[in-house]
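Just so we're aligned: 125 in numbering that gives the first Met the number 0 is position 126 of the sequence shown, and the numbers increase by one with no gaps anywhere.
Hints may be right or wrong, so weigh each one.
Okay, derived cross-link-like pairs now, DSS-like style, lysine-lysine, Cα gap no bigger than 25 Å in a straight line [as the list claims (entries may be wrong)]:
hint, residue 1, residue 2
1, K1, K22
2, K141, K1
3, K141, K155
4, K45, K22
Quick list of simulated restraints, FRET-style, between CB atoms [unchecked claim]:
hint, residue 1, residue 2, range
5, A46, P68, 16 to 26 Å
6, L91, A170, 14 to 24 Å
7, R29, L91, 36 to 46 Å
8, A151, P70, 15 to 25 Å
What the hints contain is simulated information worked out from the structure, not anything from laboratory work. Note that CB positions come from ideal geometry on N, CA and C, so glycine has one too.
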Amino acid sequence: MKICYVANSCIPSRLANTVHVMKMCQAYQRLGHEVTLVVPDWLAGKASGVEDVYDFYAVEERFPIVRVPMPTNERAHTLFYSLTFPRAVARLESDVVHARVLTSAWSTAALFRLPTLLELHHPPPSSPYWRFFFDRSVRSRKTIGLVAITHALAEKYLRPVLPARTQIVIAPDGVDEAWLQDDLTRDRPGAGLD
Numbered sequence: 000m001k002i003c004y005v006a007n008s009c010i011p012s013r014l015a016n017t018v019h020v021m022k023m024c025q026a027y028q029r030l031g032h033e034v035t036l037v038v039p040d041w042l043a044g045k046a047s048g049v050e051d052v053y054d055f056y057a058v059e060e061r062f063p064i065v066r067v068p069m070p071t072n073e074r075a076h077t078l079f080y081s082l083t084f085p086r087a088v089a090r091l092e093s094d095v096v097h098a099r100v101l102t103s104a105w106s107t108a109a110l111f112r113l114p115t116l117l118e119l120h121h122p123p124p125s126s127p128y129w130r131f132f133f134d135r136s137v138r139s140r141k142t143i144g145l146v147a148i149t150h151a152l153a154e155k156y157l158r159p160v161l162p163a164r165t166q167i168v169i170a171p172d173g174v175d176e177a178w179l180q181d182d183l184t185r186d187r188p189g190a191g192l193d
């Protein structure tokens with residue numbers, strides 16, 4: 000399956016969300032899917048001196064990264080994420096769009112009619128402006144499901160406001176199991192854990 004993973008992350012950077020995004024793309028690749036990551040081409044915030052973005056994130060599976068030029072005017076960001084960004088996604092002709100950006104999920108599902116998974120890390124927005132995008136995203140027939148990062152988020156905040164047909168996948172953020180194999184007892188004294 001061809002999956003387009005959409006994030007508003009600054010790749011490469013030292014922010015935790017970028018690790019999650021790169022590891023999710025790697026996980027999809029390892030499951031046998033063809034993944035393309037689509038991110039804004041941020042002008043600021045990129046980590047300097049990074050020659051190989053895959054090595055930087057310790058990602059073994061390589062996948063294409065499409066960088067979409069980002070407007071410098073912050074007022075244009077909603078327009079960018081709801082039209083320019085999804086148009087770049089539509090050109091990739093993926094089978095599924097996995098979106099971490101609410102306005103992009105709305106646009107790929109409701110306007111571009113692409114099968115879309117919306118990943119949420121927080122309760123639905125309360126402001127009428129953002130609620131517009133949320134409601135239309137989750138009610139679109141092209142939204143094939145939601146990804147919530149905790150059971151509490153899914154059951155307490157999302158399930159009560161979603162159409163009954165909506166599937167929710169609970170996928171907590173995680174780490175590579177290999178990172179957990181180290182013997183941490185040598186680090187305990189320096190961390191004040193004794």
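The hints, checked one at a time:
no., hint, verdict
1, K1 to K22, "holds, 17 Å"
2, K141 to K1, "holds, 16 Å"
3, K141 to K155, "holds, 24 Å"
4, K45 to K22, "holds, 18 Å"
5, A46 to P68: 16 to 26 Å, "holds, 19 Å"
6, L91 to A170: 14 to 24 Å, "holds, 23 Å"
7, R29 to L91: 36 to 46 Å, "violated, 20 Å"
8, A151 to P70: 15 to 25 Å, "violated, 36 Å"
Against the hints set out earlier in the document, violations occur for numbers 7, 8.
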